[in-house]
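**Q** From first to last, the protein sequence lines stand for chains H and P.
Following my numbering, the numbering of the first sequence begins with -5 at its first residue and continues without gaps.
Following my numbering, the numbering of the second sequence begins with 48 at its first residue and continues without gaps.
A portion of the hints provided could be inaccurate.
Beta-carbon label-pair distances, calculated as ranges [stated by the list, open to error]:
1. H:Gln75 - P:Ser113: 25 to 33 angstroms
2. P:Glu61 - H:Ala47: 26 to 34 angstroms
3. H:Gln75 - P:Gln64: 37 to 45 angstroms
4. H:Lys46 - P:Phe121: 17 to 25 angstroms
5. H:Arg103 - P:Asn77: 28 to 36 angstroms
6. P:Gly106 - H:Arg103: 21 to 29 angstroms
7. P:Asp110 - H:Gly35: 41 to 49 angstroms
Only some residues are given here: those of chain H computed to face chain P with a beta carbon under 8 angstroms [said to hold, decoys possible]:
8. Gln39
9. Asn95
10. Gly101
11. Thr105
Just a few of them, taken from the derived set where beta-carbon distance is under 10 angstroms, the chain H residues facing chain P [to be verified]:
12. Ala21
13. Thr22
14. Gly23
15. Tyr24
16. Ser26
17. Tyr30
18. Gln32
19. Leu38
20. Ser52
21. Phe56
22. Glu57
23. Leu96
24. Phe97
25. Gly99
26. Leu104
Keep in mind that the hints were calculated from the coordinates and are not lab data.
By construction, the Cβ of each residue, glycine as well, lies at the ideal position given by its N, Cα and C atoms.
Given next are the chains, with one letter for each unit.
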Amino acid sequence: GNSVTQMEGPVTLSEEAFLTINCTYTATGYPSLFWYVQYPGEGLQLLLKATKADDKGSNKGFEATYRKETTSFHLEKGSVQVSDSAVYFCALSEVETGANNLFFGTGTRLTVIP
Amino acid sequence: DAGVIQSPRHEVTEMGQEVTLRCKPISGHNSLFWYRQTMMRGLELLIYFNNNVPIDDSGMPEDRFSAKMPNASFSTLKIQPSEPRDSAVYFCAVGRNEQFFGPGTRLTVL
């Protein structure tokens, strides 16, 4: 089956620190991989995505590389800001006939302190 | 979440009452999803529709929950009767490979 396992939180970092949030997946086929971010009081929004092996998704200084050999899609940012404080969700999607839902990880709460 | 409208944004009700949550999705998307988010269980998929037809409702917790999508621009999630354990944030989302989420409805059942 399909599933996503991501790093337990919460994660607390100082401003300008390096961020890594680990994500590994299990899939029966060839999934697309996503990172979603949820800011306080809001719905989830797409942060970045990668649709095939070795693709790198990037947005707002965040990056993640689709690693098929390790079934991973770790999220990284070189220098976090206070405004990055949010909950981050790793997700996968396998578009099969009649099924195109996302499988989400449990989320990792990040707090960045000044 | 631009374009996906959910109402109400907050709902407080008493146990046993009927609750109806509404979603007005962005046009042009054939798939619509209802999720529930709680601290204990995280984000759970309740049901999703393709072209207004329910495809998978295996996530609906029990018969007290029902969802409809009478047309491409409107969907409802109903809980009857509501219970305190239904308290959560309910999200509507649309899209296929990439999903666009609404702002959510925070439901509190006393």
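**Q** Does each hint fit the structure? Answer for all of them.
**A** Results for each hint:
no. : hint                                    : in the structure
1   : H:Gln75 - P:Ser113: 25 to 33 angstroms  : violated (43 angstroms)
2   : P:Glu61 - H:Ala47: 26 to 34 angstroms   : violated (52 angstroms)
3   : H:Gln75 - P:Gln64: 37 to 45 angstroms   : holds (43 angstroms)
4   : H:Lys46 - P:Phe121: 17 to 25 angstroms  : violated (36 angstroms)
5   : H:Arg103 - P:Asn77: 28 to 36 angstroms  : holds (33 angstroms)
6   : P:Gly106 - H:Arg103: 21 to 29 angstroms : holds (23 angstroms)
7   : P:Asp110 - H:Gly35: 41 to 49 angstroms  : violated (31 angstroms)
8   : Gln39                                   : holds (6 angstroms)
9   : Asn95                                   : holds (6 angstroms)
10  : Gly101                                  : holds (6 angstroms)
11  : Thr105                                  : violated (16 angstroms)
12  : Ala21                                   : violated (14 angstroms)
13  : Thr22                                   : violated (16 angstroms)
14  : Gly23                                   : violated (13 angstroms)
15  : Tyr24                                   : violated (12 angstroms)
16  : Ser26                                   : holds (6 angstroms)
17  : Tyr30                                   : holds (8 angstroms)
18  : Gln32                                   : holds (8 angstroms)
19  : Leu38                                   : holds (5 angstroms)
20  : Ser52                                   : violated (15 angstroms)
21  : Phe56                                   : violated (16 angstroms)
22  : Glu57                                   : violated (18 angstroms)
23  : Leu96                                   : holds (6 angstroms)
24  : Phe97                                   : holds (8 angstroms)
25  : Gly99                                   : holds (8 angstroms)
26  : Leu104                                  : violated (16 angstroms)
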